[in-house]
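Asker: Here is what each chain is made of, one letter per residue.
Protein chains: 2
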Amino acid sequence: MLIKEKVNQAVGILQEFDVDCWITFARESQINGDPTLAFLVSSDITWHSAFIITKDGRAHAIVGRYDVASVEETGAYDEVVGFVEGIRVPFQDYLKEINPPKIALNYSEGSEICDGLTHGMYLTMLRLLTEIGMTDRVISAERCVSAIRERKSPTELKSIREAIRHSEEIFDLVSGFIKPGVTEREIAEFMQVEVNRRELEFAWDAAQCPAVFTGPDTAEAHYGPSAKTVEKGHVLNMDFGVKVDGYCSDMQRTFYILDDGETQAPPDVQKGFDTIVKAVHDAFAAIRPGKQGHEIDRIAREVVTAAGYDEFPHGLGHQVGRFSHDGTALLGPPWEKYARKPFQALEENMVFTIEPRLTVQGRGICTIEEMVVVARDGAEFLSHPQREIILI
Amino acid sequence: MLIKEKVNQAVGILQEFDVDCWITFARESQINGDPTLAFLVSSDITWHSAFIITKDGRAHAIVGRYDVASVEETGAYDEVVGFVEGIRVPFQDYLKEINPPKIALNYSEGSEICDGLTHGMYLTMLRLLTEIGMTDRVISAERCVSAIRERKSPTELKSIREAIRHSEEIFDLVSGFIKPGVTEREIAEFMQVEVNRRELEFAWDAAQCPAVFTGPDTAEAHYGPSAKTVEKGHVLNMDFGVKVDGYCSDMQRTFYILDDGETQAPPDVQKGFDTIVKAVHDAFAAIRPGKQGHEIDRIAREVVTAAGYDEFPHGLGHQVGRFSHDGTALLGPPWEKYARKPFQALEENMVFTIEPRLTVQGRGICTIEEMVVVARDGAEFLSHPQREIILI
Chain A
33 MLIKEKVNQA VGILQEFDVD CWITFARESQ INGDPTLAFL VSSDITWHSA
83 FIITKDGRAH AIVGRYDVAS VEETGAYDEV VGFVEGIRVP FQDYLKEINP
133 PKIALNYSEG SEICDGLTHG MYLTMLRLLT EIGMTDRVIS AERCVSAIRE
183 RKSPTELKSI REAIRHSEEI FDLVSGFIKP GVTEREIAEF MQVEVNRREL
233 EFAWDAAQCP AVFTGPDTAE AHYGPSAKTV EKGHVLNMDF GVKVDGYCSD
283 MQRTFYILDD GETQAPPDVQ KGFDTIVKAV HDAFAAIRPG KQGHEIDRIA
333 REVVTAAGYD EFPHGLGHQV GRFSHDGTAL LGPPWEKYAR KPFQALEENM
383 VFTIEPRLTV QGRGICTIEE MVVVARDGAE FLSHPQREII LI
Chain B
33 MLIKEKVNQA VGILQEFDVD CWITFARESQ INGDPTLAFL VSSDITWHSA
83 FIITKDGRAH AIVGRYDVAS VEETGAYDEV VGFVEGIRVP FQDYLKEINP
133 PKIALNYSEG SEICDGLTHG MYLTMLRLLT EIGMTDRVIS AERCVSAIRE
183 RKSPTELKSI REAIRHSEEI FDLVSGFIKP GVTEREIAEF MQVEVNRREL
233 EFAWDAAQCP AVFTGPDTAE AHYGPSAKTV EKGHVLNMDF GVKVDGYCSD
283 MQRTFYILDD GETQAPPDVQ KGFDTIVKAV HDAFAAIRPG KQGHEIDRIA
333 REVVTAAGYD EFPHGLGHQV GRFSHDGTAL LGPPWEKYAR KPFQALEENM
383 VFTIEPRLTV QGRGICTIEE MVVVARDGAE FLSHPQREII LI
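Chains as they are written, first to last, in this note's numbering: chain A, 33 to 424; chain B, 33 to 424.
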């Protein structure tokens with residue numbers, strides 16, 4: 033269902049960008065899977081496989097003979113050709129038949145999600161095209177692949193909303209479990225048991241999902257929960273997401289462990305938390321189609337630095353989809369590693385996180401990660417934004 | 033543990049092949065993971081990351097700041113450098129320091145397992161190297177990466193043996209479940225419940241693991257089990273594997289469903305099955321270090337055709353490791369899609385399947401898939417080879 037939906041969407045996008053022909057070329061997808069394959073087939077492919085979609089609406093697949101049945105079953109292709117010895121003849125025959133002026137391939141320096149073609153497969157493709165005189169027609173499919181991933185269909189948005197609902201429920205449940213004396217690892221295990229009970233998948237590697245950080249001097253983000261114990265006076269933060277029907281949630285929440293005699297967070301913690309909330313909402317209010325991500329990032333970054341904190345050493349927010357980090361356009365600063373991503377225009381139905389962060393010295397990390405969808409005239413929260421620090 | 037073991041092994045292999053420096057260059061490994069990363073890190077990496085191993089025994093990693101802690105934890109690197117804005121400066125500084133005459137990168141037309149570098153990342157690497165005058169030092173790391181994957185350590189062989197043991201036990205269990213009237217899907221579900229009960233992973237996509245085919249006119253290999261019902265007189269075959277500590281088994285077994293009054297398989301089925309057994313054992317007997325895979329493939333292929341059957345439309349056997357299809361050297365015919373794989377010399381401690389196949393008209397498919405390890409003077413079975421058709 034999703035595959036027919038996305039293949040149809042792809043034809044419209046090829047027309048919009050005036051790209052004659054788009055080829056996804058892959059082999060042994062268990063080993064080196066082009067991330068675009070998830071929109072083109074519903075199972076692994078084994079040998080050299082070409083999924084060829086044209087601006088005039090044709091969808092043609094050439095795959096090893098044993099993969100024909102499962103590709104046909106998607107119902108998305110006009111024709112599925114199987115081969116035994118090699119792809120060369122059926123591939124060159126079909127390209128000569130359709131004779132496309134431009135041929136878009138899945139490579140990109142600036143966007144990993146559009147960069148599924150391996151260099152060895154690129155060399156093979158170039159050899160196949162050179163033999164039929166089409167070498168100079170090759171272009172990057174980055175714009176097309178980005179649009180296919182980024183413009184979420186109603187089916188895709190529904191799955192993301194459902195993944196967020198589960199995450200929020202699990203954050204609520206764990207709030208009753210956190211207390212002084214439990215370890216980061218015990219908190220993570222509590223949540224993982226709940227994920228398994230709900231028969232959900234983790235949005236990223238389970239060893240770091242959730243990531244849990246309690247108190248000052250924690251490991252940096254992207255690290256598994258440790259044996260460190262929750263103590264009174266700690267700020268505790270978590271990064272957590274699940275997958276529903278292949279689509280992710282990705283959210284962070286901040287907790288404060290009340291010290292003896294406290295009924296609310298002390299002023300230093302409250303100031304840090306309130307700064308993060310303001311950064312989230314000021315950035316949110318500026319999102320609309322046509323804006324560029326670096327403009328949104330700067331708003332949140334300036335809220336944090338204006339309050340006297342160091343700026344966060346990462347982008348404000350990334351897109352979410354089949355991966356927790358998905359899409360090309362990014363709410364990020366113009367740093368080398370982000371290439372042109374912060375300069376791509378925002379579009380309706382892109383799904384972003386907003387996740388500023390700051391350190392409260394001697395306490396821990398305040399960070400919130402919300403999820404939003406770009407709408408016609410602004411943005412909508414997909415998550416229920418955290419406005420109060422969760423008191424334990 | 034495995035990572036230190038494999039990084040050390042890599043240094044020896046670089047010395048053996050006289051390769052000065054080997055760089056694995058990847059980003060967002062959840063999205064486009066170079067399959068070699070499993071030997072270099074124990075968790076996902078996020079931004080541009082370079083794992084640089086040299087012939088003189090240095091192991092240096094440059095990764096995004098948030099990934100530093102988990103890479104350091106492997107204990108395999110002399111130094112792990114973290115960056116915030118981009119990899120360019122620390123990468124170029126280190127390359128200038130070690131100044132390697134040859135730089136091997138993970139790309140290969142002929143071997144997908146050595147082809148983890150995407151084309152976009154290749155372009156980025158080339159740009160980084162051009163800026164420091166090292167463009168012309170680039171070579172393919174195919175030989176090194178193949179050797180690292182293919183020469184199984186004792187730890188790796190132990191995991192594979194354990195995965196085989198589980199597979200064989202589950203084949204035994206399902207033999208008591210198969211009977212006329214059950215569907216392919218019910219048989220698969222029975223086995224999957226057992227895999228989950230044992231807390232194992234599937235060796236490939238669970239939708240096709242096991243693959244179950246009963247009777248004549250089944251879907252071809254690489255297709256999920258259907259609602260087709262087992263009937264008396266059917267030949268039934270299955271393809272199944274599990275993972276233990278990241279290492280796979282991959283095995284096939286053939287069953288015959290006795291018809292009324294039968295106490296053994298009828299002559300046409302018995303002849304087909306015995307032909308497969310002979311093909312397996314004749315091929316097995318010919319395996320030794322230094323032989324080439326096409327020589328082994330031809331022996332089994334000729335047993336099948338000499339008995340009057342069509343030749344199987346696939347290679348006789350592939351290597352097994354972290355993926356069910358692993359390694360470069362292949363027991364296969366010299367077909368286009370296999371490139372130079374059938375001409376690579378076999379080496380000690382490579383693990384192969386042997387899996388000939390033939391159709392018994394009107395009955396079904398006879399196929400056995402055994403697993404063997406290449407030894408100093410021959411080969412050893414890792415699986416207990418099937419010598420009798422399993423009668424139901």
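Bear in mind the hints are in silico, worked out from the structure with no lab data behind them. It is possible that part of the hints are untrue.
You can't tell identical chains apart in this list, so a pair holds if it fits in one copy or across any two.
For lysine-lysine, the following DSS-like pairs were computed, each having C-alpha atoms within a straight-line distance of at most 27 Å [stated by the list, open to error]:
(1) Lys369 with Lys128
(2) Lys310 with Lys323
(3) Lys134 with Lys369
(4) Lys323 with Lys190
(5) Lys303 with Lys323
(6) Lys260 with Lys310
(7) Lys128 with Lys36
Asker: Which earlier hints can't be squared with this structure?
Answerer: When the structure is compared with the hints, numbers 5, 6 turn out to be violated.
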